[in-house]
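Participant: Quick mapping for you: the protein sequence lines, in order, are chains A and B. Residues 0 to 736, numbered by numbering that gives the first Met the number 0, are exactly what the first sequence covers, in order. Residues 0 to 736, numbered by numbering that gives the first Met the number 0, are exactly what the second sequence covers, in order.
Mixed in with the good hints there might be a few duds.
It does not matter which identical chain is used: a pair holds within one copy or between any two.
[Claimed, not checked] Okay, derived cross-link-like pairs now, DSS-like style, lysine-lysine, Cα gap no bigger than 30 Å in a straight line:
| hint | residue 1 | residue 2 |
| --- | --- | --- |
| 1 | 165 | 340 |
| 2 | 645 | 594 |
| 3 | 251 | 384 |
| 4 | 517 | 258 |
| 5 | 504 | 517 |
| 6 | 340 | 594 |
| 7 | 352 | 633 |
| 8 | 239 | 258 |
| 9 | 305 | 548 |
| 10 | 311 | 258 |
| 11 | 589 | 633 |
| 12 | 645 | 129 |
| 13 | 305 | 245 |
| 14 | 282 | 504 |
| 15 | 622 | 282 |
| 16 | 633 | 340 |
| 17 | 568 | 282 |
| 18 | 589 | 504 |
| 19 | 636 | 340 |
Bear in mind the hints are in silico, worked out from the structure with no lab data behind them.
Protein chains: 2
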Amino acid sequence: MFRLRRTFLSAVILLAAVIGLTAEQGMWMPQQIPDLAARLRALGFVGDAAAFADLTGQPVGAVVSLGGCTASFVSPDGLIVTNHHCVVGGLQFNSTTQRDLLTDGFLARTRDEELSNGPGSRVFVTTSVKDVTADIMGRIDATATDRQRNDTIDRRIKERVATCEKAGLRCSVTSFFEGLKYFEIAQLEIRDVRLVYAPAEGIGVFGGETDNWRWPRQTGDWSFLRAYVGKDGKPAAYSKDNVPYKPAHWLKVSAQGAKPGELVFVVGYPGRTMRHRTYAEIKETTEWALPRSVRLAEEQLALVEKLTANNKDMAIKLAGRIQGLNNGLTNNKGVLEGLVKGGALDQKDAQEKALVAWIAATPARQKQYGDVLPAMAALQAEGEKVRERNAVMGSLSSASQYLSAAQTLYRLSVQRPKSDLDREAGYQERDWSRIRESLDRLQRSLDATADRAFLRWALGLAAALRSDQRIDPSDRAVGLRAGLPGTEADRAIDLYLGRLYAGTKMGDRDVRLAMIDKSTADLLASNDSFIALASALEPLAESMRETAKNRAGAYARLRPRYMQALLAKAGGLVAPDANSTLRVTYGQVKGVDAKDGLFYKSQTGLAGILEKQTGEGDFNAPKHQIDTIRDFLKSPKGPYLDPAIKDVPVNFLSTVDTTGGNSGSPTLNARGELVGLLFDGTYESVSSDYLFDEAKTRSIHVDTRYMLWNMAEVDGATNLIKEMIVVGAPAKAREKK
Amino acid sequence: MFRLRRTFLSAVILLAAVIGLTAEQGMWMPQQIPDLAARLRALGFVGDAAAFADLTGQPVGAVVSLGGCTASFVSPDGLIVTNHHCVVGGLQFNSTTQRDLLTDGFLARTRDEELSNGPGSRVFVTTSVKDVTADIMGRIDATATDRQRNDTIDRRIKERVATCEKAGLRCSVTSFFEGLKYFEIAQLEIRDVRLVYAPAEGIGVFGGETDNWRWPRQTGDWSFLRAYVGKDGKPAAYSKDNVPYKPAHWLKVSAQGAKPGELVFVVGYPGRTMRHRTYAEIKETTEWALPRSVRLAEEQLALVEKLTANNKDMAIKLAGRIQGLNNGLTNNKGVLEGLVKGGALDQKDAQEKALVAWIAATPARQKQYGDVLPAMAALQAEGEKVRERNAVMGSLSSASQYLSAAQTLYRLSVQRPKSDLDREAGYQERDWSRIRESLDRLQRSLDATADRAFLRWALGLAAALRSDQRIDPSDRAVGLRAGLPGTEADRAIDLYLGRLYAGTKMGDRDVRLAMIDKSTADLLASNDSFIALASALEPLAESMRETAKNRAGAYARLRPRYMQALLAKAGGLVAPDANSTLRVTYGQVKGVDAKDGLFYKSQTGLAGILEKQTGEGDFNAPKHQIDTIRDFLKSPKGPYLDPAIKDVPVNFLSTVDTTGGNSGSPTLNARGELVGLLFDGTYESVSSDYLFDEAKTRSIHVDTRYMLWNMAEVDGATNLIKEMIVVGAPAKAREKK
């Protein structure tokens, strides 16, 4: 699925006049779209391409970020549509043992019935994007050390963000084109978000993990939220007295969906792509990082299987982790297949050899770019020397929520006494409420037995590290050393973990939240064993961060020049790599020759739900929906029928260029009407994050006809259909029985 | 896969002038083809349809049965082509620890290098088919009891077979159209069959169990045998002095394969279909027989997993059983899906209701057919009362090779003293050499530990039987009874099995073979514990056979009349259900809308082998082939290139109507040239054995272009290409490196 599970910290636009051959590829900055007008006209677009460049206009102004997912306003009263898989947290938050909203779905028939989507739930409305490249990168002394360069950039970003946020907005300064450009993005941060409607899990997650990243697909991946603000119209924390937010723009919903061959746009917040990384970097990803991720995910899933066997409570607590591991595992396997077997790595190699030859071809280019690739290669080689240790340091924190909470608390206590601009990014005042919310929300998934099992596994990774890459603090704490036989290491780890979990109150929500305001000394005085472990690990963690800052300074010197060479050689319009900022992509509804002997047709229908339905596991649509589909297919008719397939279109494929973070993005037709929601990509597409495959890449959308049909015929969400402006065929809604 | 794992004991033709709407469906008797000439012309056939009716002419005369598989002559020197999966036994028989022919493949470069395909290997050449309906069914007294009817038919068949076989042929009398017609089929039985060429397992079984019954497919499922006869030209046992058989007809091999839309014929020996069974019978199959088979196969596969864990020897011994269980399991699941979910059962119900209404429509029909369906329903209800017990009796024998060998020996000893015509079918003199060969061949797969584990499982089924369906002899022998707690039953079974396996020499090849000629008294005097068990079970087995004879007599009275009603209502040309006799089917090379959102293209290519290759398990093509494919695809050219797909076509789909037993059947173009070999059907097709699905049914073939390309470019089988008459583009063969 295309939901981001992490946020990326990391803005730039280079407008050239020529349209490249690979124009179909591209998560374009909205400002770039007018330059693509000729290509769009060729694809049948009759509207004004310039409209897409207006971030606060129609339709782009209707698109919002949920932080990891994308969504869009579909009514003047702040009604928002996004993917079902983007509101799972809110459904879980509102579920009780009596009322399982995730399984059964939820519909608020009136505003009063709308439920808070939970603490930390946010809607970000982008209000301005400014090119601040000169402010961030200008006047840096050429003789500055890498560290000075890093610190200068870091300081300037913090200063701009601080100034920007004085207007009550949430701001960020983001690098585009590998640091060649920086943009300051200001967003309205709406903090009262409410749950309005989600179909039953058997509809919204139909196909489950079995069908994740796969086609054919029949997933009803939509849900509705509503943004609320204070009576003054400004963002406010949840309050009964808040009123629906009145967006400047909202999308009309088409009852005609998207037809094969039709031009469609997707507007959203794609998280991260690595298309402008060097061959050496992609090679390391292919040969080391991805195989390691696959292996670690498989080990953790094996652990999960043991932990959750005959333990439903544990399965519920670990559901998020399991879903994340599976989602990432399948994605990583797909990327590896595309890079290695699909030949993308070889293609990247050939492209870079062509770049090197291009640079070598003239003395001017040699002078300008000749040193860049070798210098980047040297930096990479240096980093690879300690990559195993650094990766395991990361695994310790990600394995144990107890440890990562302790580390967050410890670092916060160290940063808090400083002036806000001197605090590390992520630990400034602007971050504190997010930190508090996440330390609070943690309780839902926390389990000492599971946490211990995962930390035991991660310490096993540490125990197995080579002698030149040991994590000394954990070696000392646990009593590990290079070459210690496995059984002895296991025994030492178990002894240590016994003490560790006996000596902590990190699992107690109140104790944990009370630690937020404590000084470093008070934290240490609490004698909490996890605080002690975090403290012991801190010097190494700090030295790793120091190294990272030096490297970041060096890359800030090199990467923009590498990108300049790439752009100069390309000589055309190029989209920057995705960086969680607003992008526009376009393409056609289109099937694909997915594999030898196999063609993915561009649409699926209700009949496919009956085909796959087993009544259990991943294929467990509600009986009421199945009965309604059976009735419909006996004599297919009504406003949502596609006569070409004699069925209601459920999901469709398109050639648009999307990635994780795009989940929930509105799919628009040439008139800017909502025709679908982007929710996934195919397995054969995922390596396009590294190198775009024009032939095989397809995104997966849910058709608005399925959404409207199900709202009208199955879920009786008449109130919402009435609230939206549905264009095309009228929706004959029916009350839910 | 389409290999038959059992042979069916059961031979009619009804020639009507009108072509039905479902003319595409049909495993036609060769004699019926001339009546389909108009339909064939509509599909583009320009040849003489009457040629197909000549069983001893071209091309049908070139097609032979291997007993469970089909094959065809492709040279005047008795060279035979069939599927790879039809010669696995021969490859295993010739393998040694030093030389694994199954894994590595085999190529005889000269006649001298050709190896015996093993004892029991046969080639059957059909020499005549006679309508003997009057001889078998004529002049049976209308007042005869069902038992008398059965015995009369049985005796007449034996007499005709005995007379026919005096000419040195192998003969059978087979019921067609549910006993409405009987045909006597005479075949030349060639007993010296030699292995000539098989590709490596990674080519011949590429895709393995993962891809079995699936599309897309890239399996090189071909192999070559040669038929040898005595110097006098007559069938003879294997001897160095034998000479290649000179067939009257052999097929030309097309280097052009089969193109999408092309008309193709398949001539072969399909095993069994159940399209003319009643709704009640199909319903019982759906609700009881198939779910039971699925459950039992899954239980046995779980047992296999335990037995073969870390035990490669055991895995090799059980390979045949594992393959059979998996093949049947997937097939049965596919049939269930098609019958239940695909709606075939409902369709059958509607068809039968229409038949009942048709019968009720006139007094003449009521008189002629009115009693048939109720009488058949009563027979079925009677049979269902003891079906669990009867099925478990079958499971005991199929679970334990020790027990089935003992039962065969015991029954043979009882039958041998009788006159040959009085002996039970299967125990006549004509069967003795087959019995000896199978008791000999058994040794390859025999293992006391595995046998005991399977018998333990089957006795567990017996232990769980309801009180009114107990198997008394095994209850007494083991100490079981209805309602005995599971743990007590397990203990009793284990105690019994300890004694059973300690008291037998059935696992000793020489002892077992020596028992063949012993009298019943001598067998019992040997005190072999399995002979004792077989003896104990015999009275119940005999009473089951007696009941079966009475039922068979009743069905012989009823089924022909049911079929008459069906045919009269259909009013057109209908193909009889498959019964392991020679049939001709035709169709087009065609893809299929297999599932919602998914289209199976009609062809695959070499590129698909690279896509799927993992270098292990089911996708482990030899490195030499992979390298050759990579080279080929860099610049695709040569006589086997299909310009439309810029690749060598590997497998293709067609609409021909086939089933188990058709494996290895030649696929012919309109000129009667070999363009492919039939080897499988799709998962979505398997329920067509019960009710033909015109939209979804597809057969899977290997294209001769892939076979010839691989023979020339990978395996260097130049000698064979030279021996065959290759038409179309010339085969530029290359010597193997």
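Participant: None of the hints should be skipped; say for each whether it holds.
Facilitator: Each hint tested on the structure:
no.	hint	verdict
1	165 x 340	neither (51 Å within a copy, 62 Å between copies)
2	645 x 594	both (27 Å within a copy, 15 Å between copies)
3	251 x 384	neither (54 Å within a copy, 65 Å between copies)
4	517 x 258	neither (59 Å within a copy, 77 Å between copies)
5	504 x 517	within (15 Å within a copy, 81 Å between copies)
6	340 x 594	both (13 Å within a copy, 27 Å between copies)
7	352 x 633	between (60 Å within a copy, 20 Å between copies)
8	239 x 258	neither (43 Å within a copy, 70 Å between copies)
9	305 x 548	neither (40 Å within a copy, 55 Å between copies)
10	311 x 258	neither (43 Å within a copy, 54 Å between copies)
11	589 x 633	both (28 Å within a copy, 28 Å between copies)
12	645 x 129	neither (49 Å within a copy, 51 Å between copies)
13	305 x 245	neither (49 Å within a copy, 65 Å between copies)
14	282 x 504	neither (43 Å within a copy, 62 Å between copies)
15	622 x 282	between (49 Å within a copy, 24 Å between copies)
16	633 x 340	between (45 Å within a copy, 15 Å between copies)
17	568 x 282	within (22 Å within a copy, 70 Å between copies)
18	589 x 504	neither (55 Å within a copy, 67 Å between copies)
19	636 x 340	between (45 Å within a copy, 23 Å between copies)
In this structure, the hints that do not hold are numbers 1, 3, 4, 8, 9, 10, 12, 13, 14, 18, in rising order.
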